[in-house]
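Q: The primary structure of each chain is shown beneath.
There are 2 protein chains.
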Amino acid sequence: MKVAELSSRSGTSVASIKYYLREGLLAGGAMTGRNQAEYSEEHVRRLRLIRALLDVGGLSVAAAKAVLSAVDSQATVGHDLLGIAHSQLARAGRSDRADPAWAAARAEVEAFVRRRGWHVSPASPSLDAAADAVTAFRTLDQADLLSLMEPYGDAAEAVAAKEVAAVVARQDPARMVEGTVVGTIVGEALLNAIRRMAQEDASARLLLPPDRLARDSG
Amino acid sequence: MKVAELSSRSGTSVASIKYYLREGLLAGGAMTGRNQAEYSEEHVRRLRLIRALLDVGGLSVAAAKAVLSAVDSQATVGHDLLGIAHSQLARAGRSDRADPAWAAARAEVEAFVRRRGWHVSPASPSLDAAADAVTAFRTLDQADLLSLMEPYGDAAEAVAAKEVAAVVARQDPARMVEGTVVGTIVGEALLNAIRRMAQEDASARLLLPPDRLARDSG
Numbered sequence: 001m002k003v004a005e006l007s008s009r010s011g012t013s014v015a016s017i018k019y020y021l022r023e024g025l026l027a028g029g030a031m032t033g034r035n036q037a038e039y040s041e042e043h044v045r046r047l048r049l050i051r052a053l054l055d056v057g058g059l060s061v062a063a064a065k066a067v068l069s070a071v072d073s074q075a076t077v078g079h080d081l082l083g084i085a086h087s088q089l090a091r092a093g094r095s096d097r098a099d100p101a102w103a104a105a106r107a108e109v110e111a112f113v114r115r116r117g118w119h120v121s122p123a124s125p126s127l128d129a130a131a132d133a134v135t136a137f138r139t140l141d142q143a144d145l146l147s148l149m150e151p152y153g154d155a156a157e158a159v160a161a162k163e164v165a166a167v168v169a170r171q172d173p174a175r176m177v178e179g180t181v182v183g184t185i186v187g188e189a190l191l192n193a194i195r196r197m198a199q200e201d202a203s204a205r206l207l208l209p210p211d212r213l214a215r216d217s218g
Numbered sequence: 219m220k221v222a223e224l225s226s227r228s229g230t231s232v233a234s235i236k237y238y239l240r241e242g243l244l245a246g247g248a249m250t251g252r253n254q255a256e257y258s259e260e261h262v263r264r265l266r267l268i269r270a271l272l273d274v275g276g277l278s279v280a281a282a283k284a285v286l287s288a289v290d291s292q293a294t295v296g297h298d299l300l301g302i303a304h305s306q307l308a309r310a311g312r313s314d315r316a317d318p319a320w321a322a323a324r325a326e327v328e329a330f331v332r333r334r335g336w337h338v339s340p341a342s343p344s345l346d347a348a349a350d351a352v353t354a355f356r357t358l359d360q361a362d363l364l365s366l367m368e369p370y371g372d373a374a375e376a377v378a379a380k381e382v383a384a385v386v387a388r389q390d391p392a393r394m395v396e397g398t399v400v401g402t403i404v405g406e407a408l409l410n411a412i413r414r415m416a417q418e419d420a421s422a423r424l425l426l427p428p429d430r431l432a433r434d435s436g
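Same order as they appear, the protein sequences are chains E and B. Its first residue numbered 1, the first sequence is counted upward by one per residue in this note's numbering. Its first residue numbered 219, the second sequence is counted upward by one per residue in this note's numbering.
Please note that the accuracy of each hint is not assured.
As the list claims (entries may be wrong) - Below, computed lysine to aspartate or glutamate pairings styled on DMTMM-like, alpha-carbon distance capped at 20 Å:
(1) E/Lys162 with B/Asp362
(2) B/Lys380 with E/Asp154
(3) B/Lys236 with B/Glu260
Rather than coming from a laboratory, the hints here were simulated on the basis of the structure.
Please work from the sequences and hints to get the whole structure.
A: Shown next, in the form of structure tokens:
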């Protein structure tokens with residue numbers, strides 16, 4: 001197909017396609033003339049993955065490129081790809097990491113991981129991200145909400161076992177790699193949306209008078 | 219205290235403080251001279267909340283202002299505040315909502331909510347956010363991962379009941395309001411970080427050879 005059809009099939013503007021080609025996120029098509037290239041189903045598929053990383057995952061183009069290089073590399077084994085996806089997804093730390101309060105929070109997170117017996121690399125960006133959040137709870141004088149860490153741990157453990165099993169069940173390595181990236185990013189968006197609906201439900205049950213409870217929800 | 223001390227106490231630059239004053243996120247101090255104002259502990263506390271909304275929650279200044287107005291309004295009851303916080307947190311929808319595939323995903327999410335017996339307002343932005351994620355899974359040819367919706371629902375239900383109970387246990391309405399906002403935003407960051415650590419653990423156990431499993435993690 002020509003670039004115009006690739007654009008309509010993938011829901012991506014021609015200008016964006018050219019940008020992804022220039023930045024190396026998308027491989028070029030087969031040249032059929034001086035200024036004409038032919039694209040395939042592989043390109044449609046790849047463009048959809050690029051859009052998921054940028055739009056759903058909120059990745060920068062540079063971060064998406066790093067994840068896609070790992071996806072393309074035959075050398076990346078499943079477990080390492082998860083680490084690469086997590087690193088690129090980690091937002092730049094906003095907390096002041098020289099702050100003793102942050103160091104204490106980081107130690108608290110490490111103790112949590114040890115207590116649960118989880119295998120987490122000391123270099124995992126998730127340890128820092130969790131320490132950022134713990135620091136924020138303490139700084140904002142909401143330390144009582146840290147009692148939620150253990151329920152979060154229980155929920156995460158149950159969910160992660162099923163997520164990893166679903167991806168590993170695929171067998172085909174390329175599909176596993178895709179599932180790791182999409183599952184991490186889109187799965188997070190889905191879980192967060194579902195958590196908010198469950199909060200709305202719990203809050204309605206606890207705080208709304210019965211007549212409004214009946215009226216407000218379908 | 220003077221603005222310089224407010225700046226060092228809150229870890230916020232004087233320029234940022236002036237910007238928040240101009241934008242109405244922060245109330246002015248008591249004027250003690252033509253160009254001198256006196257600030258209180260209330261200002262330190264408010265600035266920390268503003269920073270959490272912007273830095274940890276990733277809200278725009280306009281969105282933070284909307285959440286803070288709701289926090290300030292005596293008229294906002296607990297349950298409605300949750301709705302306001304969720305609305306401001308919801309990222310602008312990226313999916314094409316005129317697309318029949320999106321409408322099908324939205325219906326699928328509504329059926330999921332009905333099946334679980336959750337009280338969710340039809341106007342809740344979380345329904346749209348979940349539909350965006352479901353559409354992304356289908357478009358990316360990863361529909362098998364939608365089997366995770368039920369485990370996500372179980373995990374969210376368990377976690378949300380404890381989150382809402384922890385906030386309601388506070389009794390003081392101002393502290394409840396703060397807990398709702400901080401718990402939604404910072405709690406999401408914490409849960410996501412913990413989920414990734416649990417994924418790393420599940421992936422390591424399933425995919426790494428025993429010698430590397432022992433070497434990689436503490």
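Q: Hint check: lysine 162 of chain E vs aspartate 362 of chain B, CA-CA at most 20 Å. Holds or violated?
A: Since the Cα atoms of lysine 162 of chain E and aspartate 362 of chain B sit roughly 12 Å apart, the hinted pair holds (cutoff 20 Å).
Q: Compare the distance between the alpha carbons of lysine 236 of chain B and glutamate 260 of chain B with 20 Å, and conclude whether the hinted pair is satisfied.
A: holds (16 Å)
Q: For lysine 380 of chain B and aspartate 154 of chain E, compute the direct alpha-carbon distance and say whether it is at most 20 Å.
A: With Cα atoms ~12 Å apart, lysine 380 of chain B and aspartate 154 of chain E stay inside 20 Å; holds.
The structure fails none of the hints (numbered hints given earlier).
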